[in-house]
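Protein chains: 2
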Amino acid sequence: MKITRAPAFVWHFRRRPSGYGGQVGGQATLMAIALVCALAITTSFAHAALAAEALAAVADALPSWNDGAAKKSVVEFVAKVTKEGGPDFVAPAERIAVFDNDGTLWCEQPLPVQLYFALDRVKALAPQHPEWKDKEPFASLLKGDLKTALAGGDHALLELVMATHAGMTTVEFEQIVKDWIATAKHPKTGKLFTEMTYQPMLEVLDYLRANGFKNYIVSGGGIEFMRPWTEKVYGIPPEQVVGSSIKTKFEMRDGKPVLVRLPELIVNDDKADKPVGINQQSGRRPIA
Amino acid sequence: MKITRAPAFVWHFRRRPSGYGGQVGGQATLMAIALVCALAITTSFAHAALAAEALAAVADALPSWNDGAAKKSVVEFVAKVTKEGGPDFVAPAERIAVFDNDGTLWCEQPLPVQLYFALDRVKALAPQHPEWKDKEPFASLLKGDLKTALAGGDHALLELVMATHAGMTTVEFEQIVKDWIATAKHPKTGKLFTEMTYQPMLEVLDYLRANGFKNYIVSGGGIEFMRPWTEKVYGIPPEQVVGSSIKTKFEMRDGKPVLVRLPELIVNDDKADKPVGINQQSGRRPIA
Numbered sequence: 001m002k003i004t005r006a007p008a009f010v011w012h013f014r015r016r017p018s019g020y021g022g023q024v025g026g027q028a029t030l031m032a033i034a035l036v037c038a039l040a041i042t043t044s045f046a047h048a049a050l051a052a053e054a055l056a057a058v059a060d061a062l063p064s065w066n067d068g069a070a071k072k073s074v075v076e077f078v079a080k081v082t083k084e085g086g087p088d089f090v091a092p093a094e095r096i097a098v099f100d101n102d103g104t105l106w107c108e109q110p111l112p113v114q115l116y117f118a119l120d121r122v123k124a125l126a127p128q129h130p131e132w133k134d135k136e137p138f139a140s141l142l143k144g145d146l147k148t149a150l151a152g153g154d155h156a157l158l159e160l161v162m163a164t165h166a167g168m169t170t171v172e173f174e175q176i177v178k179d180w181i182a183t184a185k186h187p188k189t190g191k192l193f194t195e196m197t198y199q200p201m202l203e204v205l206d207y208l209r210a211n212g213f214k215n216y217i218v219s220g221g222g223i224e225f226m227r228p229w230t231e232k233v234y235g236i237p238p239e240q241v242v243g244s245s246i247k248t249k250f251e252m253r254d255g256k257p258v259l260v261r262l263p264e265l266i267v268n269d270d271k272a273d274k275p276v277g278i279n280q281q282s283g284r285r286p287i288a
Numbered sequence: 001m002k003i004t005r006a007p008a009f010v011w012h013f014r015r016r017p018s019g020y021g022g023q024v025g026g027q028a029t030l031m032a033i034a035l036v037c038a039l040a041i042t043t044s045f046a047h048a049a050l051a052a053e054a055l056a057a058v059a060d061a062l063p064s065w066n067d068g069a070a071k072k073s074v075v076e077f078v079a080k081v082t083k084e085g086g087p088d089f090v091a092p093a094e095r096i097a098v099f100d101n102d103g104t105l106w107c108e109q110p111l112p113v114q115l116y117f118a119l120d121r122v123k124a125l126a127p128q129h130p131e132w133k134d135k136e137p138f139a140s141l142l143k144g145d146l147k148t149a150l151a152g153g154d155h156a157l158l159e160l161v162m163a164t165h166a167g168m169t170t171v172e173f174e175q176i177v178k179d180w181i182a183t184a185k186h187p188k189t190g191k192l193f194t195e196m197t198y199q200p201m202l203e204v205l206d207y208l209r210a211n212g213f214k215n216y217i218v219s220g221g222g223i224e225f226m227r228p229w230t231e232k233v234y235g236i237p238p239e240q241v242v243g244s245s246i247k248t249k250f251e252m253r254d255g256k257p258v259l260v261r262l263p264e265l266i267v268n269d270d271k272a273d274k275p276v277g278i279n280q281q282s283g284r285r286p287i288a
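These protein sequence lines are chains X and U, in that order.
Those letters in the first sequence? Residues 1 to 288, by this note's numbering.
Those letters in the second sequence? Residues 1 to 288, by this note's numbering.
Heads up, a few of these hints could be off.
Stated by the list, open to error - Here are the computed lysine-lysine pairs in the DSSO-like style, where the Cα-Cα straight-line distance is at most 27 Å: (1) X:K143 - X:K133; (2) U:K80 - X:K232; (3) X:K83 - U:K232.
Said to hold, decoys possible - Chain X stretches covered by chain U per the calculated footprint, using a threshold of three residues with CB under 8 Å from any CB of chain U: (4) 119–133; (5) 151–164.
Hint data in this document are derived by calculation from the structure and do not stem from the laboratory.
C-beta atoms are modelled at their ideal positions from N, C-alpha and C, and glycine is treated no differently.
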């Protein structure tokens, strides 16, 4: 893996699982993607001896990984940037790795998990919204016709998100998410969504953490949908979660200061807006 | 100081210096302000014994502070939240303290430092903008008439900021700031702006850090104006700096990926938008 030094360091992971669901240990593929510096990953075998040594040393750190090129490139990279005095050394304070979430750390098939959350919220809120019976995308959803509901594309999706993610305080929303995630199950495996994580990636998180990295999530998913559970599930604290967000407004309610969630998007943290989010949250630039 | 436990912990400092400039050691006053939980600071002397003991132990940690109520409340608070097994214990990972910058960590008189930066940039860019000779607020500025230039209020200020803070890449802007801050001096003291910090507050930063806190800046100033130097001056890394920001856009320039700064405000991180910024960046709620 070719590394160029930059003033600061971010390493970005995005896994595209070869199949949906379950633990995909044997087939894990990994890509370290340059978001800003856009360096090609030109795995070099110049450091083969170092890599072999490092691989042996961490034999237990990535047990779900095949001993292939992907594992080798991860281990070789970490060995290089943590080697004090080496040309590629990165100070511990600057070791930041960023990970996509949906389809990388946990499943995103047959639908992104947050969409199941929104659907369940529509059902829960329907009694307070009799008008939804005649209004798309709600009407189709409530009839169980997901396909028609989502035929409205981004517009329908946004309406769905705002109806279920805004209008309450941040504290109330956090509790709603916590209650839901504690029991919500994947429709095909019957497992809790929080168990639908990829074991090889959990191992990478641990491995990087053990090597002085701070792991960040940079996801198209909602920041406040993820923050209530990422620490427990991934060991990633709220301040290291970057994602899409809606506006909030400071208000006094019943004499108490609160932040109210407004139905207005700040950023859809996906595609070309991901480097924007990384910069905004971390102020660091990728080097690999 | 009365503390109520909350899911997470943020402590917010805002100092209002009693006079402008220099080191204000002897007169430092300190307020721990509840931004969201809005707890009144009801300094209690119930733990006087504990506080006295703690004070003695950290006699050297806050040498610029008078042995008064302010110092006592800081030391007492830190002793409580770091006492393992105690009722107010806060886990190290949740110890976050947030600080205002202008007028708290460094001077903001006679003008906020970032305004001097904008003024210097107007002068530097003037040759490329002949139209500024007849256009306010630039025309007055270039004549040295600051008062008339700023008479346009927020609108004039915004125009000034956008003309000097947008249009370049984030990397270019960082370099402009670094070059400027390395030599820019306070108009009255002749000291570098980076030397116009408040010694008692630097001591508080060190003291909290030594007690497991992560220090954040939450300032009305620009994030990308502060990040290039806060680590060196305050020991606060870029990912712990929250502030006002303008939009950026991912682009390819000369075959290289960059983020271009656009003349559009995302957030003016001041007043009621400060708790919004704290929540957005840290995902934690204040308890004191």
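Quick rundown of the hints versus the structure:
no. : hint            : result
1   : X:K143 - X:K133 : 9 Å, holds
2   : U:K80 - X:K232  : 26 Å, holds
3   : X:K83 - U:K232  : 24 Å, holds
4   : 119–133         : violated (count 0)
5   : 151–164         : violated (count 0)
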